[in-house]
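Student: The chain contents come next:
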Amino acid sequence: MSANAIVIQSAQVVDRTWIETLHEWLTTVDHKRLGILYVVYGLFFFVVGGIEALIIRIQLMHSHNTFVSPQVFNRMFTMHGTTMIFFVVMPILFGFANYLVPLMIGARDMAFPRLNAFSFWLSALGGFLLYFSFLGGSGLYGAGNAPDVGWWAYAPLGARAFSPGHSSDYWTLSLLVSGFGSIGTAINIIATVLCMRCPGMKLGRMPLLVWLYLVQAGMVLIAITPLSAAQIMLLIDRYLGGHFFDTQAGGSAVLWMHFFWIFGHPEVYILIIPAFAFLSEIIPVFSRKPIFGYPVMVAATVAIGLVSTSVWAHHMFTIGMNSYANSFFALTTMAVGVPTGIKIFNWIGTMWGGKIQFKVPMLFCIGFLVQFLIAGLTGIMQAAVPFDWQLTLSYFVVAHFHYVIVGGILFALFGAFYYWYPKMTGRMPSESLGKWHFWLFLIGFHLTFDVMHIPGLLGMPRRIYTYEPGRGWDTLNLIITIGAFIQAIAILLFVANLIISYFKGARAGNDPWDAWTLEWSISSPPPAYNFASVPTVASRRPLWDLKHPEDPDSRYE
Amino acid sequence: MQRKRNSIKLSALFMLALLFLFMATAAGAAMTDPSTGLTNIFAPESTPAKSIVDLSLLVLVITGIIFVVVFTLLVYSIVKFRGKAVDAGREPAQVYGSTQIELAWTVIPILIVVVLFLATGRTIHAIQDAPEPATALEVTAIGHQFWWEFRYPRLGIVTANELHIPVSDAAHPTPTFLRLLSADTDHSLWIPQLAGKADLIPNHPNSMWVDPHRTGVYLGQCAQYCGTQHAKMLLRVSVDSEEEFKAWVHAQQQPAVEDEKVILGKRVFETTACINCHAINGTVANGRFGPDLTHLMSRSTIGSGAAENTKENLRQWIENPDAIKPGSLMPAMKLSDSDFDALTAYMETLR
Chain A
1 MSANAIVIQS
11 AQVVDRTWIE
21 TLHEWLTTVD
31 HKRLGILYVV
41 YGLFFFVVGG
51 IEALIIRIQL
61 MHSHNTFVSP
71 QVFNRMFTMH
81 GTTMIFFVVM
91 PILFGFANYL
101 VPLMIGARDM
111 AFPRLNAFSF
121 WLSALGGFLL
131 YFSFLGGSGL
141 YGAGNAPDVG
151 WWAYAPLGAR
161 AFSPGHSSDY
171 WTLSLLVSGF
181 GSIGTAINII
191 ATVLCMRCPG
201 MKLGRMPLLV
211 WLYLVQAGMV
221 LIAITPLSAA
231 QIMLLIDRYL
241 GGHFFDTQAG
251 GSAVLWMHFF
261 WIFGHPEVYI
271 LIIPAFAFLS
281 EIIPVFSRKP
291 IFGYPVMVAA
301 TVAIGLVSTS
311 VWAHHMFTIG
321 MNSYANSFFA
331 LTTMAVGVPT
341 GIKIFNWIGT
351 MWGGKIQFKV
361 PMLFCIGFLV
371 QFLIAGLTGI
381 MQAAVPFDWQ
391 LTLSYFVVAH
401 FHYVIVGGIL
411 FALFGAFYYW
421 YPKMTGRMPS
431 ESLGKWHFWL
441 FLIGFHLTFD
451 VMHIPGLLGM
461 PRRIYTYEPG
471 RGWDTLNLII
481 TIGAFIQAIA
491 ILLFVANLII
501 SYFKGARAGN
511 DPWDAWTLEW
521 SISSPPPAYN
531 FASVPTVASR
541 RPLWDLKHPE
551 DPDSRYE
Chain B
1 MQRKRNSIKL
11 SALFMLALLF
21 LFMATAAGAA
31 MTDPSTGLTN
41 IFAPESTPAK
51 SIVDLSLLVL
61 VITGIIFVVV
71 FTLLVYSIVK
81 FRGKAVDAGR
91 EPAQVYGSTQ
101 IELAWTVIPI
111 LIVVVLFLAT
121 GRTIHAIQDA
131 PEPATALEVT
141 AIGHQFWWEF
151 RYPRLGIVTA
161 NELHIPVSDA
171 AHPTPTFLRL
181 LSADTDHSLW
191 IPQLAGKADL
201 IPNHPNSMWV
211 DPHRTGVYLG
221 QCAQYCGTQH
231 AKMLLRVSVD
241 SEEEFKAWVH
251 AQQQPAVEDE
261 KVILGKRVFE
271 TTACINCHAI
281 NGTVANGRFG
291 PDLTHLMSRS
301 TIGSGAAENT
311 KENLRQWIEN
321 PDAIKPGSLM
331 PAMKLSDSDF
341 DALTAYMETL
351 R
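Line by line, the protein sequences give chains A and B.
For the first sequence, position 13 matches number 13 in our numbering, and the numbering has no gaps at all.
For the second sequence, position 25 matches number 25 in our numbering, and the numbering has no gaps at all.
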């Protein structure tokens, strides 16, 4: 038997009832279980947020449509944005962090397992609070409604005068609560990475995924604070007689914008950096080469983390800052594109000279590379401030950020799902269903989000429940909606794949992809204790060293 | 087997190419259709919008070149370095990096950023810091949920939703400088052919300017989500010739038309809640919560573009605004049918 497993005599294995299993999952502090809980939670809300998107797209299919009322539409885009960012992408990314970071550094668990569980359940409560608003958020329009102030809740729209009832309070509280959950997980990640690496794993030998999650966790600590502060101030305004953002009494709407975007911009980097992490693990394995330029990849990520805290007001170019402030944020925004672009070059450099295998995870990574390139370039377009005065608040920017989040982050996430599914479940996901998922989603994605740039250029603002005919927006919106439905079908195939492969997939061994990091040295799924004995590493790719004793990385690093 | 796989890949690529061709055609058709010219940011008719297009061309060329270069490298690497079955078990050369290459692809982007930033800074300054000439027309725009108030302070005019400004001749320019305020939530004034958008934020005055070169009607709408009827806070800008503008100003400066035939409707207006929100110059009505109605019939739409300004729509609006613009802040007036008829007749005289 390998040194990585402990033999358990069959007499020691006990059958459990389903209640005991449920209890085990509800009270677990195991990072792998919590990781899976986070991911399943996020996937559930992914479907919900997707349905909200489809409602939006049906309403916008043609001008003067009456599929939903303006009140319902405004709730839909508010809930869609809030759900996708806070209760889909954040949980799924934290789920992968929880699952992978201890395994990749040869640790037994995260540094603070109980804090880990607490953070998950706090975040879960946040999602529940947000959706309870459909039942409990009484407002002017009748009993029970969800927030309808947009996912940024710009002041003074969130004030009592313009948001009567409790719908905005559910938005505020859910974000406050899940924000604390995020802080708990960030603390855990940092402590785990800094204190629990196995012998031989200096910081310079950590897998890039671990480095990137370390940077991301640091950014979470920096960014969530202003959001929490803003939510508390909003509650004080609404209930304790405060006037921070109450413009009717001398408060400042712009102050809310600063607080929100000092959170909001680092937040989108918090979302994308784990996507970079997945790419940095998957592309080398399917190119059969180490990552090109590991030290610069680390440095670039740290640079992105630092510089991204200085760009926030590029969301505020139209509010009337003076030309010097606008120029400053233009410069920092363009500057942050440099380390980001460098990463794309390094990934191509990794593929260059390799022997590329077009398995499903790699297909999604290639899609990411093309799409993130385009998304980054449309971002640079908007950094040219006067151009942004036309592009912002229109469907151009909606297309841009969906290009990043769907074309970038979601594609990378799909790659990660297919890549680590064998490790988490012990089964291989269906390669053919995966390819159907990829191609269908690719077509739907481009149909929707390539075309979506054009109504923006033709003057269509965002967050409108309907629009005038004769502006040239009708046909384009119809195409966009059709693409959305194609993507929905692809997602159904993905979910089907996850479920069917769990029962019918081929058994995966420890290392189905012939990879090089520590998680592939143990069984699939890993035992509860992860490693039977603490591993020792001498390079960035310990399994490469084991498989190629004649040419180990440790000789060159 | 390899041949079949290749032909599947080829037909898939062919379908993808067809898809992109279709999208490009749709895009091209949309952008060159004359009816779309009305809100097309690439059909500028005013200096700020034109400066933006000039900058955008530089930006698009640079980003276009970057895309072509990187995309080509990516496609090349996928094609050239794809693994073949014969390679199984043999790993390629394990290259860790290259300092020279990484230095090059760091320095070049930095240079590109410098160029882009200088061009951007210049255009920001040219638009934002343009001095206001003495010949400029001053307009104050006040955003409301869900309509626009326009005041011409030096001319003593208050109107709503449809802006009239003079055409500006390059020889002796008569630009319009707008001061942007808000009475409630955040709004954004966007007329794509005339200028980039600028927000109207309560407690935070903002400003913008336009100098339209051609007479005509330009369309736009609110671009900052402001509540339920954000979508129907439309804008209509009439750029008039010098004579037309003078005539319009003169007409707007007059008090409301007094027509004996509609005295009944006027009485209804003056004795119900209408005067709490609306103003009609020359009568007791001086409410400022809703649009000024003194010259209502000089506008081609009602409800800030929600409907054509016809007798039927006007009557419907007064009786039940929610039927036309659900969530607008005007309440249904709940009067008798004869009162509604009289009111509508009165409104129709307010040219």
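None of these hints come from the bench; they were simulated from the model.
Hints are not guaranteed to be accurate.
[Unchecked claim] The calculated DMTMM-like cross-link candidates involving lysine to aspartate or glutamate, where the alpha carbons are at most 20 Å apart (straight line), are:
{"#": "1", "chain 1": "B", "residue 1": "K334", "chain 2": "B", "residue 2": "E312"}
{"#": "2", "chain 1": "B", "residue 1": "K261", "chain 2": "B", "residue 2": "D339"}
{"#": "3", "chain 1": "B", "residue 1": "K84", "chain 2": "A", "residue 2": "E431"}
{"#": "4", "chain 1": "A", "residue 1": "K547", "chain 2": "B", "residue 2": "D169"}
{"#": "5", "chain 1": "B", "residue 1": "K50", "chain 2": "B", "residue 2": "E132"}
{"#": "6", "chain 1": "A", "residue 1": "K355", "chain 2": "B", "residue 2": "D87"}
{"#": "7", "chain 1": "A", "residue 1": "K547", "chain 2": "B", "residue 2": "E91"}
{"#": "8", "chain 1": "A", "residue 1": "K355", "chain 2": "A", "residue 2": "D551"}
{"#": "9", "chain 1": "A", "residue 1": "K359", "chain 2": "B", "residue 2": "E91"}
{"#": "10", "chain 1": "B", "residue 1": "K246", "chain 2": "B", "residue 2": "E138"}
{"#": "11", "chain 1": "B", "residue 1": "K334", "chain 2": "B", "residue 2": "E270"}
{"#": "12", "chain 1": "A", "residue 1": "K359", "chain 2": "B", "residue 2": "D87"}
{"#": "13", "chain 1": "B", "residue 1": "K261", "chain 2": "B", "residue 2": "E348"}
{"#": "14", "chain 1": "A", "residue 1": "K547", "chain 2": "A", "residue 2": "D514"}
{"#": "15", "chain 1": "B", "residue 1": "K50", "chain 2": "B", "residue 2": "E149"}
{"#": "16", "chain 1": "B", "residue 1": "K246", "chain 2": "B", "residue 2": "E162"}
{"#": "17", "chain 1": "B", "residue 1": "K311", "chain 2": "B", "residue 2": "D259"}
{"#": "18", "chain 1": "A", "residue 1": "K355", "chain 2": "B", "residue 2": "E91"}
{"#": "19", "chain 1": "B", "residue 1": "K84", "chain 2": "A", "residue 2": "E20"}
{"#": "20", "chain 1": "B", "residue 1": "K50", "chain 2": "B", "residue 2": "D169"}
[What the hints assert, rightly or not] FRET-style restraints, in silico, Cβ to Cβ:
{"#": "21", "chain 1": "A", "residue 1": "L255", "chain 2": "B", "residue 2": "A170", "range": "39 to 47 Å"}
{"#": "22", "chain 1": "A", "residue 1": "L235", "chain 2": "B", "residue 2": "K246", "range": "50 to 58 Å"}
{"#": "23", "chain 1": "B", "residue 1": "S300", "chain 2": "A", "residue 2": "G250", "range": "34 to 42 Å"}
{"#": "24", "chain 1": "A", "residue 1": "L240", "chain 2": "B", "residue 2": "V75", "range": "53 to 61 Å"}
{"#": "25", "chain 1": "B", "residue 1": "K80", "chain 2": "A", "residue 2": "V47", "range": "35 to 43 Å"}
{"#": "26", "chain 1": "B", "residue 1": "E91", "chain 2": "A", "residue 2": "F134", "range": "28 to 36 Å"}
{"#": "27", "chain 1": "B", "residue 1": "F22", "chain 2": "A", "residue 2": "T536", "range": "53 to 61 Å"}
{"#": "28", "chain 1": "B", "residue 1": "R154", "chain 2": "A", "residue 2": "L255", "range": "28 to 36 Å"}
[Said to hold, decoys possible] Derived list of chain A stretches under chain B, where covered just means 3 residues or more per stretch with a C-beta under 8 Å from a C-beta of chain B:
{"#": "29", "segment": "65-72"}
{"#": "30", "segment": "311-325"}
From a predicted model like this one, the values you see are computed outputs, not experimental measurements.
In this text, a Cβ means the ideal position worked out from N, Cα and C, and glycines have one as well.
Student: None of the hints should be skipped; say for each whether it holds.
Tutor: Each hint tested on the structure:
no., hint, in the structure
1, B:K334 to B:E312, "holds (17 Å)"
2, B:K261 to B:D339, "holds (14 Å)"
3, B:K84 to A:E431, "holds (18 Å)"
4, A:K547 to B:D169, "violated (77 Å)"
5, B:K50 to B:E132, "holds (18 Å)"
6, A:K355 to B:D87, "holds (8 Å)"
7, A:K547 to B:E91, "holds (11 Å)"
8, A:K355 to A:D551, "holds (18 Å)"
9, A:K359 to B:E91, "holds (17 Å)"
10, B:K246 to B:E138, "holds (15 Å)"
11, B:K334 to B:E270, "holds (16 Å)"
12, A:K359 to B:D87, "holds (16 Å)"
13, B:K261 to B:E348, "holds (11 Å)"
14, A:K547 to A:D514, "holds (9 Å)"
15, B:K50 to B:E149, "violated (27 Å)"
16, B:K246 to B:E162, "holds (16 Å)"
17, B:K311 to B:D259, "holds (17 Å)"
18, A:K355 to B:E91, "holds (8 Å)"
19, B:K84 to A:E20, "violated (50 Å)"
20, B:K50 to B:D169, "holds (15 Å)"
21, A:L255 to B:A170: 39 to 47 Å, "holds (41 Å)"
22, A:L235 to B:K246: 50 to 58 Å, "holds (54 Å)"
23, B:S300 to A:G250: 34 to 42 Å, "holds (39 Å)"
24, A:L240 to B:V75: 53 to 61 Å, "holds (59 Å)"
25, B:K80 to A:V47: 35 to 43 Å, "holds (40 Å)"
26, B:E91 to A:F134: 28 to 36 Å, "violated (54 Å)"
27, B:F22 to A:T536: 53 to 61 Å, "holds (57 Å)"
28, B:R154 to A:L255: 28 to 36 Å, "holds (33 Å)"
29, 65-72, "holds (count 3)"
30, 311-325, "holds (count 5)"
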